[in-house]
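Protein chains: 2
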Amino acid sequence: MTTIPLEYAIGVDIGGTNTKCGIVNRRGEVLQYEQLSTPEYETAEEFVNALCVRLNLMVEKVGGHDLIKGIGIGAPNGNYYTGTIEYAPNLRWEGVVPLAEMVSKKMNMPTALTNDANAAAVGEMQYGAAKGMRDFITITLGTGVGSGIVANGQLIYGHDGFAGELGHTIIRPGGRPHWSTDLNGSLEAYASATGVVLSAKEMLADHPDKPSMMRKYPEDELTSKHVFDCAMQGDEIALEVYRFTGQILGEALANFVMFSSPEAIILFGGLIKAGKLIFEPTIEHMERNLLPIFRNKVKVIKSDLHEADAAILGASALVWEMKQSHASL
Amino acid sequence: MTTIPLEYAIGVDIGGTNTKCGIVNRRGEVLQYEQLSTPEYETAEEFVNALCVRLNLMVEKVGGHDLIKGIGIGAPNGNYYTGTIEYAPNLRWEGVVPLAEMVSKKMNMPTALTNDANAAAVGEMQYGAAKGMRDFITITLGTGVGSGIVANGQLIYGHDGFAGELGHTIIRPGGRPHWSTDLNGSLEAYASATGVVLSAKEMLADHPDKPSMMRKYPEDELTSKHVFDCAMQGDEIALEVYRFTGQILGEALANFVMFSSPEAIILFGGLIKAGKLIFEPTIEHMERNLLPIFRNKVKVIKSDLHEADAAILGASALVWEMKQSHASL
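In the order they appear, the protein sequences are chains A and B.
The first sequence maps to residues 23 to 351 in this note's numbering.
The second sequence maps to residues 23 to 351 in this note's numbering.
Check before you lean on any hint, since a few could be wrong.
Stated by the list, open to error - Here are the simulated BS3-like pairs of lysine-lysine, each with C-alpha atoms no more than 30 Å apart in a straight line: (1) B:Lys324 with B:Lys295; (2) B:Lys247 with B:Lys232; (3) B:Lys298 with B:Lys153; (4) A:Lys345 with B:Lys319; (5) A:Lys321 with A:Lys153; (6) A:Lys83 with A:Lys345; (7) B:Lys153 with A:Lys345; (8) A:Lys247 with A:Lys295; (9) A:Lys319 with B:Lys345; (10) B:Lys321 with B:Lys247; (11) B:Lys345 with A:Lys345; (12) A:Lys153 with B:Lys345.
To be clear, the hints were calculated from the coordinates, so they are not data collected in a lab.
Just so you know, these numbers come straight off a predicted model, no measurement behind them.
So that you can see chain A by itself, here it is in the shape it has in the complex (with noise of 0.2 Å):
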């Protein structure tokens, strides 16, 4: 029987509509959970406070505050360096919002913070596919596309806090507009949820006589879900759209992998159910288009987390990371 160290790490995935929290031991095993509705909270004070009622419950149960090495918190457009969470157009509170400080304060832990992609990819080293790399990149192919960079060992967080914002490189330039940055052809226009929806609307349009199972659904009720399940069933269009949202996320990687060599690509979210369906163009096109030196090198695999479990746990690895200086106390 292996012994646990009786030492615990508190997650908190902040999400525009949800906040996920629990108490994560060493194995990455999620001992207490707890959720609240995010955009309840009028300001940043008041979903501080009932954020903190809930892990000093989680806290009670497993044992008492001294048993918690601090608090690892995953948000949007969080900043690591910082502790704060700077204009996250999905939240309510404006502005730049201390949040490791005011939780840090009241729990009277130390607490780091960080966006949520470059937490899953600690998440990873620490309790997943990635575990004793030290030279990876994971990315989040869902209704957006996240990623997390690490290089020597160590999460790649850049002179501001927010390098690794991989879903808005350039990779069709003059390419399809982004719904909300209104940037030209980026990853995240093509092989996110939202990307796989637009590309099935443009085949479907350019094949007006083609038959397709998608045309039973009215256009704006379309979903990716949609697209997935006619896929499924060998519908020509559905197949031929995760083909090219392959293809574009392929050549997306060959970039990545020449910029840091890793040695894998750890792919995460929504997208990847489609199986093979993405992953065989993804693995063709990333190798297509790498120099000769890097080929047949970059393994491009799963996340190994559950996917209910995997913000919390990517948060809480952010405690196991701690340096003493890294607390907010």
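Fit chain B to the known structure of chain A by using the hints.
Using the frame of chain A, we list chain B on its own:
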């Protein structure tokens, strides 16, 4: 008067044509200088013998072996982790050459080796424009495009030692084929001396009726220097070549910024002699392709290092970074 510690580093830059070597102090002053012809030596052993004769000569002149901390070598396809040169296309020695070990044994000194572009980045950090920076990228715009990436104060080598091949990232999918890699639309195919000449030829052919001073050169004799001279004299097509080159480079830089969020991007090499002709469109198109969160933050600046000394300085800077464990002894 500042006291300079009496400790020196040897820098060796191995190029396809010449190998340059020098002895450098901590301030980046080259105290001794020698060079030899690289392709004159059929085997790596003969080359190392000839190199070490020159190194010993220089070592004697500065006061002997005890004052030298170590040797840094910059070489094409140099692998930092193994100290080997691997399949360098522009060197006569085939396969994998354990050059760091060979030099280290012969000189009885710790020796580190990396590729020339990575060495340039370490040189900027030690002596040049990146002094004190922890996050920056250097890009050499010469015959080809080389690059070195520093994040968290460390050079990014990647899991295999080959990170930082930004010249080969695809910036125009399906674009201009590269003369040696066969990849389409890579940065190097545009933003190098070779790329500038290709752009000029394309534009001259696309506008056969438009007068240009460049037309006085036979097509296969046109060089990037000619394009530069004509642009300086106001030649419209030559000016457009620089604008276009800057646009491509700026688009590429935007992607690099969204990867590692550097404090600065430091440009080096022949192309930047064009000054604002290249810097203005580069910065304009970089800013235009960035997420708002990154805009007006990243400095795009010229290298501080003298071009003649830069390669030796970069290689020598590897020595100051050495930990005892890095030594090949």
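Cross-check of the supplied hints:
no., hint, verdict
1, B:Lys324 with B:Lys295, "holds, 10 Å"
2, B:Lys247 with B:Lys232, "holds, 21 Å"
3, B:Lys298 with B:Lys153, "holds, 24 Å"
4, A:Lys345 with B:Lys319, "holds, 29 Å"
5, A:Lys321 with A:Lys153, "holds, 14 Å"
6, A:Lys83 with A:Lys345, "holds, 26 Å"
7, B:Lys153 with A:Lys345, "holds, 26 Å"
8, A:Lys247 with A:Lys295, "holds, 10 Å"
9, A:Lys319 with B:Lys345, "holds, 29 Å"
10, B:Lys321 with B:Lys247, "holds, 27 Å"
11, B:Lys345 with A:Lys345, "holds, 22 Å"
12, A:Lys153 with B:Lys345, "holds, 26 Å"
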